[in-house]
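Asker: Sequence:
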Amino acid sequence: ISDYRYPSYFDAVVNEAVSKYNLTEEEIVNNGYRIYTELDQNYQANMQIVYENTSLFPRAEDGTFAQSGSVALEPKTGGVRGVVGQVADNDKTGFRNFNYATQSKRSPGSTIKPLVVYTPAVEASWALNKQLDNHTMQYDSYKVDNYAGIKTSREVPMYQALAESLNLPAVATVNDLGVDKAFEAGEKFGLNMEKVDRVLGVALGSGVETNPLQMAQAYAAFANEGLMPEAHFISRIENASGQVIASHKNSQKRVIDKSVADKMTSMMLGTFTNGTGISSSPADYIMAGKTGTTEAVFNPEYTSDQWVIGYTPDVVISHWLGFPTTDENHYLAGSTSNGAAHVFRNIANTILPYTSGSTFTVENAYKQNGIAPANTKRQVQTNDNSQTDDNLSDIRGRAQSLVDEASRAISDAKIKEKAQTIWDSIVNLFR
Numbered sequence: 001i002s003d004y005r006y007p008s009y010f011d012a013v014v015n016e017a018v019s020k021y022n023l024t025e026e027e028i029v030n031n032g033y034r035i036y037t038e039l040d041q042n043y044q045a046n047m048q049i050v051y052e053n054t055s056l057f058p059r060a061e062d063g064t065f066a067q068s069g070s071v072a073l074e075p076k077t078g079g080v081r082g083v084v085g086q087v088a089d090n091d092k093t094g095f096r097n098f099n100y101a102t103q104s105k106r107s108p109g110s111t112i113k114p115l116v117v118y119t120p121a122v123e124a125s126w127a128l129n130k131q132l133d134n135h136t137m138q139y140d141s142y143k144v145d146n147y148a149g150i151k152t153s154r155e156v157p158m159y160q161a162l163a164e165s166l167n168l169p170a171v172a173t174v175n176d177l178g179v180d181k182a183f184e185a186g187e188k189f190g191l192n193m194e195k196v197d198r199v200l201g202v203a204l205g206s207g208v209e210t211n212p213l214q215m216a217q218a219y220a221a222f223a224n225e226g227l228m229p230e231a232h233f234i235s236r237i238e239n240a241s242g243q244v245i246a247s248h249k250n251s252q253k254r255v256i257d258k259s260v261a262d263k264m265t266s267m268m269l270g271t272f273t274n275g276t277g278i279s280s281s282p283a284d285y286i287m288a289g290k291t292g293t294t295e296a297v298f299n300p301e302y303t304s305d306q307w308v309i310g311y312t313p314d315v316v317i318s319h320w321l322g323f324p325t326t327d328e329n330h331y332l333a334g335s336t337s338n339g340a341a342h343v344f345r346n347i348a349n350t351i352l353p354y355t356s357g358s359t360f361t362v363e364n365a366y367k368q369n370g371i372a373p374a375n376t377k378r379q380v381q382t383n384d385n386s387q388t389d390d391n392l393s394d395i396r397g398r399a400q401s402l403v404d405e406a407s408r409a410i411s412d413a414k415i416k417e418k419a420q421t422i423w424d425s426i427v428n429l430f431r
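Numbering (the UniProt record's numbering), first residue to last: 1 to 431.
It should be emphasised that the hints constitute simulated quantities derived from the structure, not laboratory data. Heads up, a few of these hints could be off.
Said to hold, decoys possible - Quick list of in silico lysine-lysine cross-link-like pairs, DSS-like style, CA-CA up to 27 Å: (1) Lys130 / Lys258; (2) Lys143 / Lys181; (3) Lys188 / Lys105; (4) Lys20 / Lys105; (5) Lys76 / Lys188; (6) Lys76 / Lys249; (7) Lys151 / Lys367; (8) Lys20 / Lys76; (9) Lys130 / Lys181; (10) Lys20 / Lys195; (11) Lys253 / Lys195; (12) Lys258 / Lys367; (13) Lys195 / Lys105; (14) Lys20 / Lys188; (15) Lys130 / Lys151; (16) Lys143 / Lys105; (17) Lys130 / Lys188; (18) Lys76 / Lys105; (19) Lys20 / Lys249; (20) Lys367 / Lys130; (21) Lys258 / Lys181; (22) Lys249 / Lys188; (23) Lys143 / Lys195; (24) Lys258 / Lys76; (25) Lys20 / Lys253; (26) Lys105 / Lys253; (27) Lys105 / Lys181; (28) Lys195 / Lys181; (29) Lys258 / Lys188; (30) Lys130 / Lys143; (31) Lys253 / Lys188; (32) Lys76 / Lys253.
Please build the complete structure, drawing on both the sequences and the hints.
Answerer: In structure tokens, the structure reads:
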């Protein structure tokens, strides 16, 4: 059991077969089913190699590693091309581990802002350079401030407020448009808003619980001209006789107009060129997206959740980092740029070369307003040189070895003869 090659993906496939197609684990293992998936072995192998570099992940004084989950999703179909649900220190310890990419319930932090704050603003015909309040305000008993108290001016243009992840303009926007608009938008993007308090804090993710898979699906709408697909792992299932007993029906839901998606992408391009995502920016590729953090309850200088979500027209990469339980002994120090950014950048750098290389058709909002990018090529190269001891060629080489190993296993007749084993099932996943 311990030698199956892609544990997080395998577990996610089993979970989907059980929850969506009403199979049992025993049936999957014993009945000779062939499960065809959306897996891209190049994506998956490279993501796993990144996660095996445990130096990228924070560690508490008691030796506990922070946990993490990442998803790479194709935005037109919703097919999950790769997923890692635990840090490598734990990911190979056994069959059916908890998957932080698909099963966790975490605060989205500021990654919710494009969904519930700025999409409604764009739909309300706000200009991307509309000046928004950026000074400390109190709404009845609710007082808000920017992360670390940062204030560059009393007003900022909307595209800058998004890219720099400023809290004050986000809350002011929800206050102006109405909390109901924020909730309608969240529900439209597939978030569970049922038990969330209808307060202004929703602009910062207050009360919302989600995971990397759900957020990847939501952000796919921006990458796919306003159409949101259904995230899925399984394309079809055949029984032992080769009959198709279940299949995924590709469907896309129009959640926003194409023009709104384009304007949102224009603003989110600024995250990686001029905003909080500069340290997450991959070399030689242009991405749009958003970062997010959640302050630790016991000390606002620490964080409990760190996110980076980035996309191109070809792929959405959604990454979360944090301890299973945040307390005085288990917390993340600093912002996303000091933690999740390093993992995300490694993932993006290693899997983007396997995409089609499609480019955006919209212009960065900063450039539209005459502002040059801050992430110069030298800065991006500095990021890459300092991110890890493993260079990209080493990561890709090790990933290719993993892909080759899996391919050899699939063609090995002896393995096919080992009936009623977990490895039989994982072989069938990649036929």
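Asker: Now, for every hint given, state plainly whether the structure supports it.
Answerer: Results of checking the hints against the structure:
This hinted pair checks out: Lys130 and Lys258 have alpha carbons roughly 20 Å apart, not beyond 27 Å. With a C-alpha separation of about 21 Å, the suggested pair Lys143 and Lys181 falls inside the 27 Å cut-off, and the hint holds. For the given pair, Lys188 sits about 19 Å from Lys105 by alpha-carbon distance, which is consistent with the 27 Å threshold. Annotation: proposed proximity of Lys20 to Lys105 holds, straight-line Cα distance about 19 Å (limit 27 Å).
This hinted pair checks out: Lys76 and Lys188 have alpha carbons roughly 17 Å apart, not beyond 27 Å. Pair hint Lys76 plus Lys249 holds up; C-alpha atoms about 13 Å apart against a cutoff of 27 Å. At most 27 Å may separate the alpha-carbon atoms for a hinted pair to count; Lys151 and Lys367 meet this at roughly 22 Å. About 20 Å separates the Cα atoms of Lys20 and Lys76, which keeps this hinted pair within 27 Å; it holds.
Taking the CA atoms of Lys130 and Lys181, the gap is near 19 Å; set against the 27 Å cutoff, the hint holds. With a CA separation close to 24 Å, the supplied pair Lys20 and Lys195 stays within the 27 Å bound. A threshold of 27 Å between alpha carbons decides the hint, and for Lys253 with Lys195 the separation of about 24 Å falls inside it, so the pair holds. The hinted pair formed by Lys258 and Lys367 meets the criterion: a straight-line CA distance of about 21 Å does not exceed 27 Å.
Among the hinted pairs, Lys195 with Lys105 is consistent with the structure: their alpha-carbon atoms are about 13 Å apart, no more than 27 Å. Distance check on the hinted pair: Lys20 and Lys188 sit about 21 Å apart at the alpha-carbon level, within 27 Å; holds. Straight-line distance between C-alpha atoms of Lys130 and Lys151 comes to about 17 Å, which keeps the hinted pair within the 27 Å bound. About 26 Å separates the Cα atoms of Lys143 and Lys105, which keeps this hinted pair within 27 Å; it holds.
Between Lys130 and Lys188 the CA atoms are separated by roughly 25 Å; this keeps the pair inside 27 Å, and the hint holds. The straight-line distance between the Cα atoms of Lys76 and Lys105 is roughly 25 Å, inside the 27 Å bound, and the hint therefore holds. Of the supplied pair hints, the one linking Lys20 and Lys249 holds, its CA atoms being roughly 12 Å apart against a limit of 27 Å. The suggested pairing of Lys367 with Lys130 holds, with an alpha-carbon distance near 15 Å, which does not exceed 27 Å.
Note on Lys258 and Lys181: the hinted pairing holds, with a Cα-Cα distance of about 19 Å set against a maximum of 27 Å. Taking the CA atoms of Lys249 and Lys188, the gap is near 20 Å; set against the 27 Å cutoff, the hint holds. Only pairs whose Cα atoms come within 27 Å are accepted, and Lys143 paired with Lys195 is accepted, the gap being roughly 22 Å. The hinted pair formed by Lys258 and Lys76 meets the criterion: a straight-line CA distance of about 14 Å does not exceed 27 Å.
Distance restraint check for Lys20 and Lys253: the Cα-Cα separation of roughly 19 Å lies within the 27 Å cut-off, and the hinted pair is therefore satisfied. A C-alpha spacing of about 24 Å is found between Lys105 and Lys253, which places the hinted pair at or below 27 Å, so the restraint holds. Among the hinted pairs, Lys105 with Lys181 is consistent with the structure: their alpha-carbon atoms are about 23 Å apart, no more than 27 Å. Only pairs whose Cα atoms come within 27 Å are accepted, and Lys195 paired with Lys181 is accepted, the gap being roughly 16 Å.
Proposed proximity of Lys258 and Lys188 is supported: the alpha carbons are some 15 Å apart, at most 27 Å. At roughly 23 Å between alpha-carbon atoms, Lys130 and Lys143 fall within 27 Å of each other, so this suggested pair holds. At most 27 Å may separate the alpha-carbon atoms for a hinted pair to count; Lys253 and Lys188 meet this at roughly 9 Å. Restraint check: the Cα-Cα separation between Lys76 and Lys253 comes to about 11 Å, which is no more than 27 Å; the hinted pair holds.
Violated hints are absent here; each numbered hint is respected by the structure.
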